[in-house]
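Novice: Here is what each chain is made of, one letter per residue.
2 protein chains.
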Amino acid sequence: MLSRTLGTARTAYRHAAMPRQQANVAARWYTAGKLRIDADRMMKTLHETCEWGFAHRYGSSPFETGMARLTLDENDATARRWLADEAKKIGCSVTVDEMGNMFMVKQGKKGGAPTAMGSHLDTQPTGGRYDGILGVMAGLEALRTIKDHNVETEYPVALINWTNEEGARFPQSIVGSGVWCGDVPLQKAWNLQDVKDGSLTMKSELSKIGFLGDTKCSHKATPLAAHFELHIEQGPILEASGKKVGIVQGGQAYKWFDINVRGRECHTGSTPFDTRSDAMLCASRIIVESNRIAKEQSGLASTGILRLSPGSVNTCPGHVFFTLDVRHPSTDKLAALCKDIEAAAHRIASSESEKGCDVDWVETFNSPAITFHPDCISSVRKAVEANYGADHGVDIYSGAGHDTCSTSKVCPSSMIFITSKDGISHNPREYSSPEDCAIGAQVLMDAALLYDAQRSK
Amino acid sequence: MLSRTLGTARTAYRHAAMPRQQANVAARWYTAGKLRIDADRMMKTLHETCEWGFAHRYGSSPFETGMARLTLDENDATARRWLADEAKKIGCSVTVDEMGNMFMVKQGKKGGAPTAMGSHLDTQPTGGRYDGILGVMAGLEALRTIKDHNVETEYPVALINWTNEEGARFPQSIVGSGVWCGDVPLQKAWNLQDVKDGSLTMKSELSKIGFLGDTKCSHKATPLAAHFELHIEQGPILEASGKKVGIVQGGQAYKWFDINVRGRECHTGSTPFDTRSDAMLCASRIIVESNRIAKEQSGLASTGILRLSPGSVNTCPGHVFFTLDVRHPSTDKLAALCKDIEAAAHRIASSESEKGCDVDWVETFNSPAITFHPDCISSVRKAVEANYGADHGVDIYSGAGHDTCSTSKVCPSSMIFITSKDGISHNPREYSSPEDCAIGAQVLMDAALLYDAQRSK
Chain E
1 MLSRTLGTAR TAYRHAAMPR QQANVAARWY TAGKLRIDAD RMMKTLHETC
51 EWGFAHRYGS SPFETGMARL TLDENDATAR RWLADEAKKI GCSVTVDEMG
101 NMFMVKQGKK GGAPTAMGSH LDTQPTGGRY DGILGVMAGL EALRTIKDHN
151 VETEYPVALI NWTNEEGARF PQSIVGSGVW CGDVPLQKAW NLQDVKDGSL
201 TMKSELSKIG FLGDTKCSHK ATPLAAHFEL HIEQGPILEA SGKKVGIVQG
251 GQAYKWFDIN VRGRECHTGS TPFDTRSDAM LCASRIIVES NRIAKEQSGL
301 ASTGILRLSP GSVNTCPGHV FFTLDVRHPS TDKLAALCKD IEAAAHRIAS
351 SESEKGCDVD WVETFNSPAI TFHPDCISSV RKAVEANYGA DHGVDIYSGA
401 GHDTCSTSKV CPSSMIFITS KDGISHNPRE YSSPEDCAIG AQVLMDAALL
451 YDAQRSK
Chain L
1 MLSRTLGTAR TAYRHAAMPR QQANVAARWY TAGKLRIDAD RMMKTLHETC
51 EWGFAHRYGS SPFETGMARL TLDENDATAR RWLADEAKKI GCSVTVDEMG
101 NMFMVKQGKK GGAPTAMGSH LDTQPTGGRY DGILGVMAGL EALRTIKDHN
151 VETEYPVALI NWTNEEGARF PQSIVGSGVW CGDVPLQKAW NLQDVKDGSL
201 TMKSELSKIG FLGDTKCSHK ATPLAAHFEL HIEQGPILEA SGKKVGIVQG
251 GQAYKWFDIN VRGRECHTGS TPFDTRSDAM LCASRIIVES NRIAKEQSGL
301 ASTGILRLSP GSVNTCPGHV FFTLDVRHPS TDKLAALCKD IEAAAHRIAS
351 SESEKGCDVD WVETFNSPAI TFHPDCISSV RKAVEANYGA DHGVDIYSGA
401 GHDTCSTSKV CPSSMIFITS KDGISHNPRE YSSPEDCAIG AQVLMDAALL
451 YDAQRSK
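Chain order of the listed sequences is E and L.
So for the first sequence, full-length UniProt numbering puts the first residue at 1; every next one is plus one.
So for the second sequence, full-length UniProt numbering puts the first residue at 1; every next one is plus one.
One should not assume that every hint holds.
Since the list gives no way to pick out one identical chain from another, each pair is judged satisfied if it fits inside one copy or across any two copies.
Computed list of lysine-lysine pairs in PhoX-like fashion (alpha-carbon distance at most 20 Å, straight line) [to be verified]: (1) K44 / K196; (2) K188 / K203; (3) K147 / K109; (4) K208 / K88; (5) K295 / K355; (6) K44 / K216; (7) K355 / K421; (8) K295 / K220; (9) K208 / K34.
Since the hints were made in silico from the structure, they are not lab data.
Can you build the whole structure from these sequences, using the hints too?
Specialist: Here you go:
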């Protein structure tokens with residue numbers, strides 16, 4: 001009684017079954033592929049839970065919508081309550097910390113910190129159905145599979161839903177795991193304001209939906225033995241390479257900046273160019289130049305938010321606020337790139353903007369380049385090789401920040417990427433095929449169980 | 001009992017009194033300077049009425065604030081009611097038309113259409129105390145002076161307050177006079193939506209404050225014999241020239257455009273530049289290029305409004321909306337300039353923006369270059385020469401649109417400019433000295449009365 005979706009997904013497994021036999025996996029309780037996730041159940045669950053927050057329909061089939069499930073909104077709250085219930089059904093304890101991070105732990109033969117699989121349920125305002133959501137659903141599917149087979153792991157295993165990975169509603173990304181690993185002060189995270197209504201804070205909204213937990217938000221209060229995360233690539237590299245699984249080695253460095261350009265309002269009709277201090281023209285020049293410099297230095301620079309005032313067709317703006325997101329694989333080269341862009345901005349504002357503008361430049365976020373843990377990377381690699389063969393995996397670096405960038409600071413961590421169609425992400429049309437999702441989920445479970453099997457404490 | 005302000009203003013008159021004697025003014029009932037406006041009363045009235053909507057304090061003295069009196073808001077309503085009362089006190093009839101335009105008419109010896117002095121009481125959200133307001137206050141002062149001296153004009157004279165000149169709250173400028181002269185359909189103007197709350201329209205707000213009049217909004221229902229307007233220059237030319245009065249010959253041509261750039265949302269970290277369709281980067285390039293082209297062709301191009309979506313630090317915007325305001329002294333050269341900028345925008349979007357964006361380009365407003373009426377210009381010139389001497393006036397073109405651009409299409413019209421300090425306008429720090437305001441008001445009254453005196457019907 002296989003549905004079409006399940007049939008297709010299962011086919012992928014059958015194709016991949018052969019090389020597993022020859023794989024050299026550790027002779028412990030678990031060998032990769034011993035348990036098989038139920039791809040159909042996972043995809044069904046994923047799409048069912050996307051009913052909470054679906055938006056931006058782009059096609060006629062039921063799943064052809066994006067998502068707008070903003071952190072701690074009503075849809076996020078519903079998805080969270082559902083997830084806690086599902087975890088309890090399969091015998092997990094559920095702990096919610098002060099940041100609303102949810103730790104769903106299934107006990108093993110021995111005690112100790114769990115080997116975790118985690119990601120996030122929140123999305124961008126014009127997000128898709130896979131970013132974060134797939135990682136949580138795959139982790140849930142792994143726990144369900146373990147439960148179905150009455151398998152007892154050596155140590156506890158866990159599923160984690162991290163709060164506000166996106167930073168879309170409360171403007172700081174990776175903040176639940178950031179507080180947990182010690183990067184972000186709790187009070188600062190609690191005080192983050194809803195971008196549309198400054199009267200709502202993360203703390204007030206956690207409380208409102210019943211997810212302001214008692215447990216301290218800290219890796220000391222809820223320690224993990226390891227953290228694995230399945231995620232869509234959100235880029236075009238895997239698709240172009242023809243490989244199925246990205247074995248993620250680490251993440252590129254990135255910094256965020258808030259930039260305020262202050263000029264002088266003036267009438268658009270009666271003010272000659274040479275007497276203007278046009279903040280919008282100045283900001284435009286800085287954006288164009290930041291792109292040119294980043295391209296030249298093999299980095300990235302992007303502006304995602306821009307607001308101006310006063311906002312009238314025939315008044316040159318006196319004030320423009322915008323953000324800049326700058327990235328580079330190397331921490332040192334990122335620092336140099338940011339310095340060059342900042343210098344260019346000041347040059348543009350002072351000497352290339354007619355009567356001149358002032359530029360105020362504040363770094364709001366800094367994530368150095370990250371190297372994932374060799375033991376975790378090795379577990380992922382073994383899971384790929386055993387299930388699908390070595391030539392189906394490719395070493396890759398993450399262009400985006402993820403909760404695993406936080407966990408990697410305090411416990412062994414790594415990630416698994418699967419293909420994003422056309423590299424599209426943070427967009428309703430974000431798409432990964434059911435086959436690719438299934439491959440990712442199988443690798444996630446196997447990596448976690450292989451890690452569990454080789455743990456000595 | 002002269003106040004310091006009045007004393008200074010009067011000094012300016014005394015200095016200017018001599019050349020008046022030699023001036024060759026028409027031997028009719030009125031000679032320029034025969035009546036004198038009360039500068040102190042006018043400035044007192046101006047600042048008192050600025051209590052309704054003052055904002056953006058920049059200094060400690062009582063008048064060191066700007067204004068935020070948006071069309072039809074509560075402050076505008078209060079100012080309108082006050083103005084109607086003041087006009088009635090000096091014997092004017094008050095007619096309000098369907099657009100809320102206020103016609104305050106003082107009868108003359110004969111009947112017929114009045115010679116009008118008009119401007120507007122509404123301001124930009126970060127506006128000053130002189131743009132529009134001075135023109136209305138000077139017109140009121142002229143009527144008060146005529147009343148004080150029990151003078152009877154040949155034909156009626158009028159003061160007009162035109163509705164929504166600024167186009168800041170309801171985004172189309174010069175709309176009250178635009179409907180009156182037949183440029184703008186009434187229904188279109190009524191349907192204009194508050195930029196912050198689409199549920200409020202010009203019609204609903206006119207009705208709410210009691211200024212949705214019964215009289216048809218048309219130059220046929222409320223005809224004028226002529227229209228004069230005193231306005232601050234809103235630019236740096238007069239100040240640089242050292243002249244006191246701009247004898248305005250006409251207005252430069254301008255067009256407004258709504259531009260929508262559509263790309264594709266993508267993740268800022270994992271999307272290489274060459275696979276992006278970044279709408280914000282594309283819009284920035286268009287803004288920078290529009291400035292370059294306008295400069296090259298001796299025109300102006302400015303962006304006063306820009307909105308993007310979705311608006312998240314780590315998502316490249318998929319959509320940017322912005323406005324473009326393009327101006328040139330020649331109607332034909334403006335058309336060519338706009339064509340060149342539009343072509344550049346399409347070129348940037350299609351071939352210079354990585355994977356490309358779409359550009360949707362809509363003209364929302366078109367004001368051809370305007371030549372004012374020689375009889376009105378002549379009345380202004382005579383008023384300047386008689387009061388202050390020929391070398392205190394300078395022929396000038398208006399960079400901004402004004403209600404007089406509308407009236408000039410259906411009746412003889414012209415304008416008078418006085419100095420704007422540092423050319424600043426549409427800014428709280430907009431300033432014209434009491435002396436300059438007084439000079440402007442005297443020229444306004446004299447021009448209107450000279451015009452009345454030479455009318456044959």
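Novice: If you test the structure against every hint from before, which numbers come out violated?
Specialist: 1, 4, 6, 8, 9
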